[in-house]
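Engineer: Order-wise, the sequence lines are chains P, V, W and D. Per my numbering: the first sequence = residues 78 to 412. Per my numbering: the second sequence = residues 78 to 412. Per my numbering: the third sequence = residues 78 to 412. Per my numbering: the fourth sequence = residues 78 to 412.
Just so you know, the hints here were simulated from the structure itself, not pulled from any lab data. Take these hints with a grain of salt, some might be off.
[As the list claims (entries may be wrong)] One side only, chain D facing chain W, incomplete, derived with CB under 7 Å:
1) L93
2) L120
3) V235
4) A236
5) G237
6) G260
7) R372
8) A373
9) H376
[Unchecked claim] Pairs of lysine to any residue, SDA-like flavour, derived with a Cα cap of 25 Å:
10) W/K79 with W/R176
11) P/K272 with P/E299
12) P/K132 with W/T153
13) V/K272 with V/E283
14) V/K130 with W/E212
15) D/K79 with D/L120
16) D/K130 with P/A292
17) D/K130 with V/T153
18) P/K272 with P/A204
19) V/K272 with P/H376
20) D/K79 with D/A94
21) V/K130 with W/G303
22) V/K130 with W/A292
23) D/K130 with P/P347
24) D/K132 with D/L121
25) V/K130 with W/T153
Note that beta-carbon positions come from the ideal geometry of N, C-alpha and C, so glycine has one too.
4 protein chains.
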Amino acid sequence: MKVVELRAWGLENLVLAERPEPQPGPRQVVVRVRAASLNYRDLLLVRGTYNPKQKLPIVPCSDGAGVVVAVGDRVTRVRPGDRVCPTFHQAWLAGEPSRERLRATLGSPLDGTLAELMLLDEEGLVAIPGDLSDEQAATLPCAAVTAWNALVTAGGVVAGDTVLVQGTGGVSIFALQLGVLLGARVVVTSSSDAKLARARELGAWEGINYKEVPAWGVRARELTGGRGVDHVVEVGGAGTFEQSLQALRPGGTLSLIGVLAGAALELRLPAIQMRMLRVQGLLVGHRDSFEAMNRAIAHHGLRPVVDQVFPLAEARAAFEHLASGAHFGKVVVRI
Amino acid sequence: MKVVELRAWGLENLVLAERPEPQPGPRQVVVRVRAASLNYRDLLLVRGTYNPKQKLPIVPCSDGAGVVVAVGDRVTRVRPGDRVCPTFHQAWLAGEPSRERLRATLGSPLDGTLAELMLLDEEGLVAIPGDLSDEQAATLPCAAVTAWNALVTAGGVVAGDTVLVQGTGGVSIFALQLGVLLGARVVVTSSSDAKLARARELGAWEGINYKEVPAWGVRARELTGGRGVDHVVEVGGAGTFEQSLQALRPGGTLSLIGVLAGAALELRLPAIQMRMLRVQGLLVGHRDSFEAMNRAIAHHGLRPVVDQVFPLAEARAAFEHLASGAHFGKVVVRI
Amino acid sequence: MKVVELRAWGLENLVLAERPEPQPGPRQVVVRVRAASLNYRDLLLVRGTYNPKQKLPIVPCSDGAGVVVAVGDRVTRVRPGDRVCPTFHQAWLAGEPSRERLRATLGSPLDGTLAELMLLDEEGLVAIPGDLSDEQAATLPCAAVTAWNALVTAGGVVAGDTVLVQGTGGVSIFALQLGVLLGARVVVTSSSDAKLARARELGAWEGINYKEVPAWGVRARELTGGRGVDHVVEVGGAGTFEQSLQALRPGGTLSLIGVLAGAALELRLPAIQMRMLRVQGLLVGHRDSFEAMNRAIAHHGLRPVVDQVFPLAEARAAFEHLASGAHFGKVVVRI
Amino acid sequence: MKVVELRAWGLENLVLAERPEPQPGPRQVVVRVRAASLNYRDLLLVRGTYNPKQKLPIVPCSDGAGVVVAVGDRVTRVRPGDRVCPTFHQAWLAGEPSRERLRATLGSPLDGTLAELMLLDEEGLVAIPGDLSDEQAATLPCAAVTAWNALVTAGGVVAGDTVLVQGTGGVSIFALQLGVLLGARVVVTSSSDAKLARARELGAWEGINYKEVPAWGVRARELTGGRGVDHVVEVGGAGTFEQSLQALRPGGTLSLIGVLAGAALELRLPAIQMRMLRVQGLLVGHRDSFEAMNRAIAHHGLRPVVDQVFPLAEARAAFEHLASGAHFGKVVVRI
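Next comes chain P alone, as it looks inside the complex (with noise of 0.2 Å):
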């Protein structure tokens, strides 16, 4: 079967390689993977950044999409034919984060979504919801499952609910998607009038652009009548975090599940700590998350935002235009 391996860091180090195919042991499963997605996690993984303990050569991506092929014995919940994704946390089915539970996630240090074939536990996987397209259920097991997470079980947001979310990439698209589903009145900031009238189509409530409104923490606060947001998924880390609590209620949540305009903060923690904000790290989420935000996407028919489409031989193209920042929703590669 085929592969995209990355045998040392960069990305001119991606290549496609021949791999033997995988026999499923008992309770373990085969895919074989149709399409796959990228995050910024895997770019930051392919450059040596992310984890640089990770062995090599490593198949990238967490996210995909797939049909079961072949079961092992004792496998009860699935059967071959089922359209499935595989789940970021092949171990965390339920409850609270544990060692145990983090330790095992595609991409890294496991073998991901960039091949032909997988070989997963059973427990590892989840039914594709409604009619999605393998493209489209290719983006959510990562992307979509950490705006759910945010929201829903960090987050607590109900209907009437004013939700920040930064910029236009894959989990703040789900965010907004998904926080509109809940029946938030959602807030976009980008730095591109353009992309926030797609945020509009998409269901936005407000939309403000950063580069004209650098206090757009205040701006955010001042939308709600004074009252301010009651939650912020936090993509860019150092770069935006003031704002984002700027942008808070007392007692409201910031969801921090990304750091990609920097990691490293000068923070005062009076901010924090007098107005009684609470900020929730997350990474992903777990299956029972996976499964539950499957059912609103089905009954709502939601449709994941795909950006661009890749082949599989154009692997490195499609980081190089995730590295971009031009995308709008998620870059996926088809295999």
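Chains V, W and D: place on chain P using the hints.
Structural biologist: Chains V, W and D alone, transformed into the frame defined by chain P:
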């Protein structure tokens, strides 16, 4: 000022009367009521079955809407001219229920909303959301807050969950409309296909005619692919309880908010225990719930379903209409 | 290996039998059982009333403790020599209950702990906490986890809360002991002053002899100065339910975990609705609860109360002792 | 009546003054204060760094205890003779924090407890639990409620959880004592072995001398067998934050309640994100928390640790003692 008083048990003892105009003391407010709305509780009160110890005369009804016309010293939450609804529980602002918080309810034991003017504590009010008319806003305090509390506070309903709503009375229609805002898929039961059609127009996912399908709980479970519904808003009581339990998924919640179809139930407890169901009794909810709901109503432009409006002088006819069960949504009295 | 098999309904059909020794497949484990413990559920099973559809023969009992003697491929959670308890729900690790998670329970439909060796999935085990003996540890899987789940997961009991526990059977004594660890004040009911005295030695705050005080629910409420208890651990069912509701504060929780005093109840629903009570059905709990409880047991050195220990050959006598109701705490079989 | 006024920034500007006796209006209460207690916030206020916009003169201190001596019209919650504590947040009774609820705090911007008499809203009081002395009760409103809120409301700490407490100041000692009531195992840090010994007498499970073990967070994690602590009550701020994160288990909670060791922090956000930590800012808590805590204090007979008591005329010396950092527990002023 004019009020409608109940001077003895029975609809025939509802009379239009004159009372002195109230003056606000410190932290008190006078509200000119523009519309009141009826709940089944009000009918039971008038018949003498809700609270036989109630001293008469009393001004019935807990739900209404109006405008602040006078404020006493040290009032900070409202100003003359503010459009407001009273809260059902005048003293329950937030937190867990307690004897003290549940004691002071409008329409019994306190005088209610069938009055031109009401004297209220400034804490016992909320702002009318969005641009609702007086008649629409008058339906919120008891019926809508109960539905919100069932779904959100007690139920934790999120997008993709399945909610079952019984019939098309006031609370049930709100549970349908609010369930839709929350992103839930809502199943409605009714004995009338015409009412089911209207429920679908309001966003219901499925309707079940319980005359045609006596085992409607089993049917509801089938509609979910055998999984069961996540939440039942129980207004029927004894006559519907067993099918409600049948409908629920393991771990599901039944919000018990009314007993229209009987109060005394023959119940087999293992039906609750073995499937880990939760039965949550609800008596409206606190002011924080009301305000959270109002944010959702305002954002989504939700319109309460007003069935029919009666003038104050015909309040008795309004009660008779409610008693007939022919209504769809809320019965309102214009004051 | 030796097992006790039930070959037909009735205590007289419990027989000592020989079965082949199990071998562990991938991700499976063989445990040498040292002690088993009886629950009322086991007695009902043997009598044929718990699960009349159960195929026979079956090895009864869900609770036990032992040592891992062999592990299959890909087992990572345990090693030979580890002292372990099986989990009641072999497939419920964490999260919400579901049909799939509740299906695989020991002692019916799966073979249980009255066996020298058990073949289990590696996920279906927890480490024995602290230095508990085999007999003590054998009491935990069903009885103690149920009590923990009632108090902590369903009840959210914290220090200063009042918990009412009915009688001095296995679950109730654990609810007493665990309630004390949590800092709650625990009220125990019993028909025996001697048992109440023992309950006080275990930390009970108050005892009520329900023979002398038939309105023990009212008495319990009085003990709290009229506020009502926060939580009732209901094991009696129909025979005790009404007084339990009387005991509770507005908004309080009744954890329904057994129906020893009757399954069919004549219930007035407004008793639940008007005081906003919550009735939470419980069937043991997930592995995460078990492990959280074990941390509490280990830290506090809690000692399960073992009433009497029988050898395997006298398993029937153990059941008869349980049926007599004379026990205080748990009945154990040494294997 | 006598008060201690701050007339300009600086300890030297605390002066004993005379003010007219207050009279209660409707729903108001006059309390004769018997004892006040100091928090670090009060010291910062006096120095002019806590709230530089505060208008002077002001009566400092939020914590105290006394007796109701007069009540206005329509007061129902208390009667003359009742022993009470004021609440820190006079207007936050329950529910989520909001701008309105957090505005009215004693000791700034409102006059505080260093006064013979206080005029308070009847809602801004709680009954003194059990038989605490005035000096003991005076320590509760800010310090103890903050600790309770960290552990219970924000932390959900249950028996068997591990809690790390920094140092032996007022909040930390309460977090230790309350953590023990909740059944948690509590790790205390200090620079003094003598203080650690006293902490062990109060029930601490382990103590770490952070002078001897600069990587005390790593040590704390080791003490839990590598799992990490469930909860950190953070009073140090910048100087301790990083080790606190080291100590926590994946998914653990840091309650941020003070910044004694620095407010400005250089923080690497992935340390929070990748391990799914939660940072919860806290500013005391609502009245419901206070009353829940008081039930726990009364049941367990918890005795607040009073370090030293000063007469009102020597209030300045009390502040100096607090500033020295030599105290263990609370500094009190007798009035």
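Engineer: All hints, please: hold or fail.
Structural biologist: Do the hints match the structure? See the list:
Using the Cβ-Cβ criterion of 7 Å, the hint placing D/L93 at the interface with chain W is not satisfied: the shortest such distance is roughly 39 Å. A least Cβ separation of about 30 Å between D/L120 and chain W goes past the 7 Å threshold, and the interface hint is therefore violated. Because the beta carbon of D/V235 sits about 5 Å from the nearest beta carbon in chain W, less than 7 Å, this interface hint is met. The criterion of a C-beta within 7 Å of any C-beta in chain W is met by D/A236, whose closest approach is roughly 4 Å, and the hint holds.
Taking 7 Å as the C-beta contact cut-off toward chain W, the hint placing D/G237 at the interface holds, the least distance being around 3 Å. Taken as an interface hint, D/G260 checks out: its beta carbon lies about 4 Å from the nearest beta carbon of chain W, inside 7 Å. Interface hint status for D/R372: upheld, as the beta-carbon distance to the closest one in chain W is roughly 3 Å, under 7 Å. For D/A373, the interface hint holds, since its Cβ comes within 7 Å of a Cβ in chain W; the closest pair sits about 3 Å apart.
Residue-level restraint check for D/H376 holds (minimum Cβ-Cβ distance to chain W is 5 Å; threshold 7 Å). Simply put, W/K79 and W/R176 have alpha-carbon atoms about 32 Å apart, too far for the 25 Å limit, and the pair is violated. This hinted pair checks out: P/K272 and P/E299 have alpha carbons roughly 22 Å apart, not beyond 25 Å. A threshold of 25 Å between alpha carbons decides the hint, and for P/K132 with W/T153 the separation of about 21 Å falls inside it, so the pair holds.
Between V/K272 and V/E283 the alpha-carbon distance is near 12 Å, which keeps this suggested pair within the 25 Å criterion. Between the alpha carbons of V/K130 and W/E212 the distance comes to roughly 57 Å, so the proposed pair goes past 25 Å and is violated. The hinted pair formed by D/K79 and D/L120 meets the criterion: a straight-line CA distance of about 21 Å does not exceed 25 Å. For the hint pairing D/K130 with P/A292, the CA-to-CA distance comes to about 24 Å; that is within 25 Å, so the pair holds.
For the proposed pair D/K130 and V/T153, the alpha carbon gap of about 22 Å is at most 25 Å, so the pair holds. Proximity of P/K272 to P/A204 is assessed by CA-CA distance (about 31 Å); at most 25 Å being required, the pair is judged violated. This hinted pair checks out: V/K272 and P/H376 have alpha carbons roughly 23 Å apart, not beyond 25 Å. Between D/K79 and D/A94, the direct Cα distance comes to roughly 6 Å. Compliance with the 25 Å bound is thereby established for this hinted pair.
Taking the CA atoms of V/K130 and W/G303, the gap is about 21 Å. The hint holds against a cut of 25 Å. Distance check on the hinted pair: V/K130 and W/A292 sit about 24 Å apart at the alpha-carbon level, within 25 Å; holds. Proposed proximity of D/K130 and P/P347 is supported: the alpha carbons are some 16 Å apart, at most 25 Å. Annotation: proposed proximity of D/K132 to D/L121 holds, straight-line Cα distance about 15 Å (limit 25 Å).
A threshold of 25 Å between alpha carbons decides the hint, and for V/K130 with W/T153 the separation of about 66 Å lies outside it, so the pair is violated.
This entry does not satisfy hints 1, 2, 10, 14, 18 and 25, going by the numbered hints stated previously.
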